[in-house]
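A.B. asks: Turn these sequences into a full structure, and let the hints guide you.
Protein chains in written order, with our numbering: chain D, 1 to 147; chain C, 148 to 721.
To be clear, the hints were calculated from the coordinates, so they are not data collected in a lab.
Any given hint could be a false lead.
[Stated by the list, open to error] Capping the alpha-carbon separation at 27 Å, the derived lysine-lysine pairs in DSSO-like fashion look like this: (1) C:Lys719 x D:Lys26; (2) D:Lys67 x D:Lys26; (3) D:Lys129 x D:Lys67; (4) C:Lys390 x C:Lys663; (5) C:Lys176 x C:Lys225; (6) C:Lys718 x D:Lys4; (7) D:Lys4 x C:Lys390; (8) D:Lys129 x D:Lys147; (9) C:Lys716 x D:Lys97; (10) C:Lys716 x D:Lys4; (11) C:Lys220 x C:Lys176.
Residue strings, one per chain:
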Amino acid sequence: MDYKDIIASYASKPGGIIEAYHAVQKELSYLPEEAVAEAARVFNLPVSDAYGVATFYSMFSVTPRGKNVIRICESAPCHVAGAAQVIAALERELGIKMGESTADGQFALEFAECVGQCQATPVITINRKPYLDVSPATVPTILAEYK
Amino acid sequence: MVNLTIDGIKVSVPEGSTILQAAREVGVKIPTLCHHPDQAVKANCRVCVCEVEGNRLLAAACAQPVMEGMVVKTRTPKVIEARKTILELILANHPQDCLNCIRNGNCELQDLANEYFIRDNPFTLKVRGLQKDYSTPSIFRDPDKCVLCRRCVEACTVVQSVNALGLENRGVLSMVVPTMGGDLIDSACVMCGQCIHACPVGAIGEVEEIDKLLAAIADPDKVVVTQIAPAVRVAIGEEVGMKTGDMPMDVFVAGLRQVGFDYVLHTNFTADLTILEEGNELLQRLKEGGTLPMFTSCSPGWINFCETFYPDLLDNLSTCKSPQQMFGPLAKTYWADKMGIDPAKIYSVSIMPCTAKKFEAARPEMNASGYRDVDLVLTTREVGRLFRMSGIDFDKLAGSNFDSWMGAYTGAAVIFGASGGVMEAALRTVYEVVTGNTLEDVNFEVTRGITGIKEAEVDLDGTVVKVAIANGLSNARQLMDQVRAGESPYHFIEIMACPGGCIGGGGQPITKANAKRVERIDSIYVEDEKCAIRKSHENPEVKTLYDEFLLEPLGHKSHELLHTHYQAKNKKYL
Chain D
1 MDYKDIIASY ASKPGGIIEA YHAVQKELSY LPEEAVAEAA RVFNLPVSDA YGVATFYSMF
61 SVTPRGKNVI RICESAPCHV AGAAQVIAAL ERELGIKMGE STADGQFALE FAECVGQCQA
121 TPVITINRKP YLDVSPATVP TILAEYK
Chain C
148 MVNLTIDGIK VSVPEGSTIL QAAREVGVKI PTLCHHPDQA VKANCRVCVC EVEGNRLLAA
208 ACAQPVMEGM VVKTRTPKVI EARKTILELI LANHPQDCLN CIRNGNCELQ DLANEYFIRD
268 NPFTLKVRGL QKDYSTPSIF RDPDKCVLCR RCVEACTVVQ SVNALGLENR GVLSMVVPTM
328 GGDLIDSACV MCGQCIHACP VGAIGEVEEI DKLLAAIADP DKVVVTQIAP AVRVAIGEEV
388 GMKTGDMPMD VFVAGLRQVG FDYVLHTNFT ADLTILEEGN ELLQRLKEGG TLPMFTSCSP
448 GWINFCETFY PDLLDNLSTC KSPQQMFGPL AKTYWADKMG IDPAKIYSVS IMPCTAKKFE
508 AARPEMNASG YRDVDLVLTT REVGRLFRMS GIDFDKLAGS NFDSWMGAYT GAAVIFGASG
568 GVMEAALRTV YEVVTGNTLE DVNFEVTRGI TGIKEAEVDL DGTVVKVAIA NGLSNARQLM
628 DQVRAGESPY HFIEIMACPG GCIGGGGQPI TKANAKRVER IDSIYVEDEK CAIRKSHENP
688 EVKTLYDEFL LEPLGHKSHE LLHTHYQAKN KKYL
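C.D. replies: The following block contains the structure:
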């Protein structure tokens, strides 16, 4: 679906800009400038405000990134449980550093705040799905689901 | 009324007042940084914290409403220590660049660091290393210096409705950015410079060009000529330790000669000329069914605004160039001829209360004389620096008169500097031209003052002309939306981009409150009253200009030199 149609479908919702952004990201993985400008038009906001919303929330990205967004929690419980080793494994497996995307546009690596699954750390999420008790050994299997 | 005690002093203030307001009532000074007297409460810097008896946490005085029986302490060791820590934390992210900063000596953060004797900051200096933005000819941004008070954002959005500035990111990563995080030139910025007045520090300023002037003065082949805009005199004194309005015009002129200007002329001369051209244009539009309402075109921030947001209304704009840009081509044609000076040698400098004037002078079409019409624009603040650098003692300086042919002016030109002034000046002339009667009382009080939108009706021999005046672009927007909807009842609309008019322009001495703008407006009308001639069409040098050179208003020469056209800016994002 075109980003214009996606945004239009939220036009009548009060505060619908955030939901519209989520929906656009589901398709494109990020919010292109044109989509931010279109949201400003549809929700009758100055572009600077629509841009402010798009950059305020860490879940939104205004720069292109890989289709499958992998987020790694770096809060204390995950850190203690060995998040750093998970990060190293992900970076090695994908050949990119945190904050980067793979050249084929399939994966992006980002940090996340706590996702509320501290009973089974370290935790990562891919798109919106959480993976618990992740270890360097389980990383290749998890990634295989998306390849 | 609510009764409370501040530092042992009893005070009664209206319900809804803040601790800060109550404290000011009884002369207790509480420091502020993000607070602005004409803006909404921001409460993001926390410098104004105070102790409230019974509360565990300190309260922000700017935001905390007073309550009955409240006991406030503003200067306890606990409060002082908290304020010092807050300042140290702000300074730990602020470049230690005071000596090189445009706001050195006029910075709210520097003042606070001084008042709270910040010496050895225990926090490690961490400056973000963000890029400076010199993309416009008028305004620069130095985001590393930003303290995130958001006063510029409110000036740009609420006061001016331009929305060129906004916030990006959150928390430690947040910053004020032009639209989409791009350069200022690509945003809807109209270069009015109101963000500069709002900024407490040196994160936004005018692009300084004093060095270009000094190079021209040093060049023996250049004849350096200057013009002074109507709003400058009332404010320039503030830059050299005088009160608003106290700098006498002749002493100001003498000061400019001391600095090295070869000839000192006056934008007021072309302000009077503007009235003749624009007044006749209005009459022609009324008579011949031209596009109405007609908008004034003196304010380059307003022109940028109209070209950006209302490109469908460009035909409503008067085709008259601004007084600065009428002066430019005349200085290099008519005046050069009169003086026997080779126009190629003339270096034309204008002294303006305005940052957008720098952009206007640089517009490619402004070369009607065959040369760059205006070579350099200096703001009132830059001329203040020039004076201070030159060590001129204005108390001891003998006055000097303007040079001939483009230096004479009337009271009608003087009031161009204040909102409503162009309208009043036009009415003084149009009334006499249309009715053939002498206007006995030239004062149109209804057009005066800082009120955002003013309106008036004038009976011109049976024809009632309806006029409106707006200052500040959010007010202008209201009138424009009315015009766009086809519901505007007016014939003639004056717009000045800056609150209060040019006296509050982006290039004026840093203006921390609208109260200062009102003071300057009052000075403008005092000066008008003192003028022997107060109607533009009675300016003797303007008469000579028409007799010898232009021949008639809206004539062939006028169109060639004094009128222009406008273009839609087609900005990518608004």
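A.B. asks: Among all the numbered hints in the text so far, which are the ones the structure does not match?
C.D. replies: 7 and 9
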